[in-house]
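Q: At position 274 of the sequence shown the residue is numbered 274 (my numbering), and the sequence of numbers has no breaks.
No wet-lab data here; the hints were simulated from the structure.
Okay, derived cross-link-like pairs now, DSSO-like style, lysine-lysine, Cα gap no bigger than 30 angstroms in a straight line: (1) LYS79 x LYS271; (2) LYS79 x LYS115; (3) LYS115 x LYS271.
As the structure is a computational prediction, the values presented were derived from the model and not from experiment.
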Amino acid sequence: MIDPAAILAYDFGQPEQTYVPRDAILYALGVGLGSDALDTAVLAFLDERSLAVLPTFAVTLCTPGMWIRDPALGVDFAKLVHSAQSADFIAPLPPEACVRGEAQVLSLTDRGEGKGAVLVLERRIFDVASGAMYCRLDQTLMLRGDGGFGGSPAPRNEIALPDRVPDLTVSFATSPRGALIYRLSGDWNPLHLDPEVARAAGFERPILQGLASYGIAGVAVSRAVGRDPAALSRLACRFSGVVLPGDELEFQIWQREGAAAHFAAYVGNRKVLDGGEITWRNT
1 MIDPAAILAY DFGQPEQTYV PRDAILYALG VGLGSDALDT AVLAFLDERS
51 LAVLPTFAVT LCTPGMWIRD PALGVDFAKL VHSAQSADFI APLPPEACVR
101 GEAQVLSLTD RGEGKGAVLV LERRIFDVAS GAMYCRLDQT LMLRGDGGFG
151 GSPAPRNEIA LPDRVPDLTV SFATSPRGAL IYRLSGDWNP LHLDPEVARA
201 AGFERPILQG LASYGIAGVA VSRAVGRDPA ALSRLACRFS GVVLPGDELE
251 FQIWQREGAA AHFAAYVGNR KVLDGGEITW RNT
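All chains, full assembly: derive it from the sequences and hints.
A: Right, here's the structure in full:
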């Protein structure tokens, strides 16, 4: 049975990680950059001689791994879903650095017996040498098998998309090898590699990582509205459907006043990303 007190008090420590340009480039390849050899606009994220780092690379840094599987927490891991992700990118990541992570469970709310629980984990990424914060991330987990423990009800703070025709629509073809490349940035879940594991989870074949779709959104929406993906200051969305490697994502985009937009993404008629919110620094 779920132990809310143990979850809220979980000690994540302060893990450190050193990355180099190769790691940032590998991440960029994992979210689909480089599929067109003549697309010079993405070379900034692939050329180690003068490298810019995709801000969403931060989601791979100093991760707490599979902490939620700790038996002492009592979570039904088989029914866990990563349902949403948001991040505020406070300062650009350099091509290489030693970074430190801090994490805490912000909230654990109860949807009721048979309806699950909602956990929000905040992570912060700092530069070890200077102490400067690069990023603040919120990961929302739906614990579908763990409701009814008597906690406070989950708040409804979902971002509503505009009720009008999108201003822009743009397509992004994912790579059939996308999940295999993205996992080299630290997501070793066999769900994205092993067909037997995927079938046991109810999927026809290995699926693309949600955070790969998240990184793709940062690039695709930025480029569609003429913004530099390196200038991202915030990116948030809900994961509402499964993406398979090789699927083509269609992004619907609603521009907002200033350097901001809303978005959703579809594979065919299926919505796979919802409630998207994106902002950029003015550069």
